[in-house]
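Asks: Read off the chains here:
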Amino acid sequence: MTSTAEERAALADAVAGLLVDHDPVDSLSAVVDGPTGYRTETWSLLAEQGLLGLLVPESLGGSGGCHGDIVVVCTQMGRVLLPGPFISGAVAATSALVGVCEMTGAPSAAPEELLGDLVAGRRTAALVDGGRLTLTGSARQGYAVTGTIRRAVGAATADAFVVAVGTGDEVALTVVERSAVEVTEVRLADATRRAADLRFDDLAIPPAAILASGADAAAVLRWAELRTRLAVAADSAGGAREVLGLATSYAGTRVQFGRPIGSFQAIKHKLASMYVAVQSSAAVVAEAADVLDAQTARGQLPGAAMRTVTAAAAHCTSSYVSVAGDAIQTHGGIGFTWEHPCHRFFKRAWLNQAWLGGEAAMHLSVADLLAVDVGSPQSDVGVAGARVGTGVA
Amino acid sequence: MTDDRLAAERYRPEISGWLAEHSQAGWRSRLQASPESEVVRFYQDWARQLHAAGHLVPHWPVSFGGRGLGFAGQAVAQQELSRADAPRPRPMAISLGHAAATLMEHGTEEQHKLIPQILDGEIFCQGFSEPEAGSDLASLRTRAVRRGDVYVVDGQKTWSSFARYARWCLLLARTDPAAPKHRGITFFIVDMLSPGITVRPIRQATGSSEFCEIFFDGVEVPAPMRVGDDGEGWRIAQTTLVTERAAQMIELTESLRRSLDRLIRDAAGLPGRAPGSSLLDESYFRAQVGALGTEIEVLSALTQRSLAAVTDTGDIGPTSSILKLFFSELLQRFTRVDAQVHGMDVVEDLGEPREVGYLSGRPFVDHLRSWTWTIAAGTSEIQRNVIAERVLGLPREVRL
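Quick note, the sequences are listed as chains Z and H, same order.
The first sequence: position 353 = 353 (the working numbering), numbered continuously.
With positions in the second sequence counted from 1, the corresponding number in the working numbering is that position plus 1000.
Check each hint, because a few of them may be wrong.
What follows is a list of derived Cβ distance ranges for each label pair [stated by the list, open to error]:
#1 Z:D21 - H:P1177: 54 to 62 Å
#2 H:R1336 - Z:G64: 40 to 48 Å
#3 Z:D169 - H:S1283: 41 to 49 Å
Hints listed in this document are in silico derivations from the structure and should not be mistaken for laboratory results.
Where a beta carbon is used, it is the ideal one built from N, C-alpha and C, also for glycine.
This is chain Z alone, in the form it adopts within the complex:
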């Protein structure tokens, strides 16, 4: 079931109210320097409101929301630059666990228990890409895993990691407790998110710990990845709208040469272009959510649906980068100061884009999906099915 326009508007108001009351942008610098980098009280509120289980079906203890809802929530979080691992946890890791639990013959109760903890806010998790780890063994006998996952977003404060190891048909999903790996926190330019390098030292993953493998795991990951792209796109659309608002009101009040600078076409046209980028971002991310909500079967996704979601991710993240940069330019010197929030939007925009693999990789992904559609051969240099996304799979 998808929500109606009225329900979404009410959800947006509720989330906006909650975040503005508890986590306003002006108090951001104190929060992001704290031990976890986000306000745990806010996290508890999100849990109470059912927002940590938004993408979890009611049968698994969640709120059974739709993709349109997640766009609404992430857009609002983007507007206030909400710190914390919402997307890496409540979207990416949660989606992967839901996928595992929904598979027929779920291997054990462990993923469902972890899911319950995540939805209730008792623990946190991050979905991480172990595609480059050295893997020995097989899904049947179990694996031994060695190597380092670099710059895993949301991993710095997570209690557990949902890890995708292996590549292609050999991909397998498992959950690794924080204590099982060496976690080195990496501070990011975007202080609202925290990453970590995770070192695996011949870590044994017994067959019982493998939650999904092969085509099943690939399907679960693809959904988690698309939802992550959708959430990051929505965060970007929200942030871009907010920073455009800052630039617009500044241009309307800042007087130079005896006129508000917003009366000069040089500024006016820049702001108009920013507005088009913001409106088009909102349109395409809403469309992407509708496209995902229209899919009934979990396994197979039509190329057109993946293309819309990937295009939304590419457009929203690159629009955010441009709009945030233009907002700094519109503000002039004041926009380049640490106290002014412009740089925080700019840095979050960059993190969002890098997180999804960068603009070129997303464009190549769209091109591959288009080429398949018109029946042209896959290219060797193309990256269809490659790891654009959470850097997941």
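Given chain Z's structure and the hints, the job is docking chain H onto it.
Replies: Frame of chain Z; chain H shown alone:
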């Protein structure tokens, strides 16, 4: 989905079925080789065929000859025409769009009698722009002076598409030179056969000459051919113009999609740098295709969602500025990539290209023509002013 959109969807199979049976295969190349007058006749015949089957104006009210399917029905028809790659009756764009909308909304019963002519393929042209009134359209100087039962018109209009073949002209003329400039303008429908009218084609950068100048020398226009009251011309022109432009967007988005598919197929047949490879194997080209594909996806979402909002609320607002800006600048980027892949073949002499749609499949013609989109009907700069002032509320330009 609203009732409007449901009704439009029920209509879809009828038009798509009809188009499949009445395919005009090869029409582009036939028109490219024909004299312009034959091109115009072809479109007039095609418009009559479409109308006979009920597919020319399904969006019009039943009382005027349509099916009453409204904006949603128009969108469906445009989509299906585009998917079938059927000809669109371009020389009748003004008649079927702006002229008809103006007549229906503001016309007298007497003026409504022109509507059957429109459905019979008669061409209307637009007499708005002047040599000294382009972006600043409201500064136009063509005058209409009331003398008894007629207005006498003197002046010069320009950029008037297909005026040579037009039977009627939508004219904006100044009736009150003393009034503030937007308020002194009146809207007329002028018979192009009236004594005192001279039409001269303008050869465009592409080599073709759809545009014309129109000279009015003491032309008498009967007072009943005035639309609305004296001084209402500006307002009348604005309201219908904006809605009509937005309606085209569905078709334009579809044709961009199709053109990108065509570009990908072309590229698969063009050589890459490594022996045996194709252009489509080059990662730089693939990234360009992906960027264009991304933007087309965005345009499509933006168009569908904004037009759905227009259907539901009836208020187009600044939507058409946003859509036109996004589309026209994307069209320019797309046609540039499209033209570049064809190397020296693309820069051969263009001849006199015929009007066969915004993406004719001749990449350099299409690229050159993309400027008609960033300039005509409000330049990109004017659109940005509109967005900045009307949406973002920034201070208005100093206007004289």
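Asks: Does each hint fit the structure? Answer for all of them.
Replies: Verification of the hints:
no.	hint	in the structure
1	Z:D21 - H:P1177: 54 to 62 Å	holds, 60 Å
2	H:R1336 - Z:G64: 40 to 48 Å	holds, 47 Å
3	Z:D169 - H:S1283: 41 to 49 Å	violated, 25 Å
Against the hints set out earlier in the document, a violation occurs for number 3 only.
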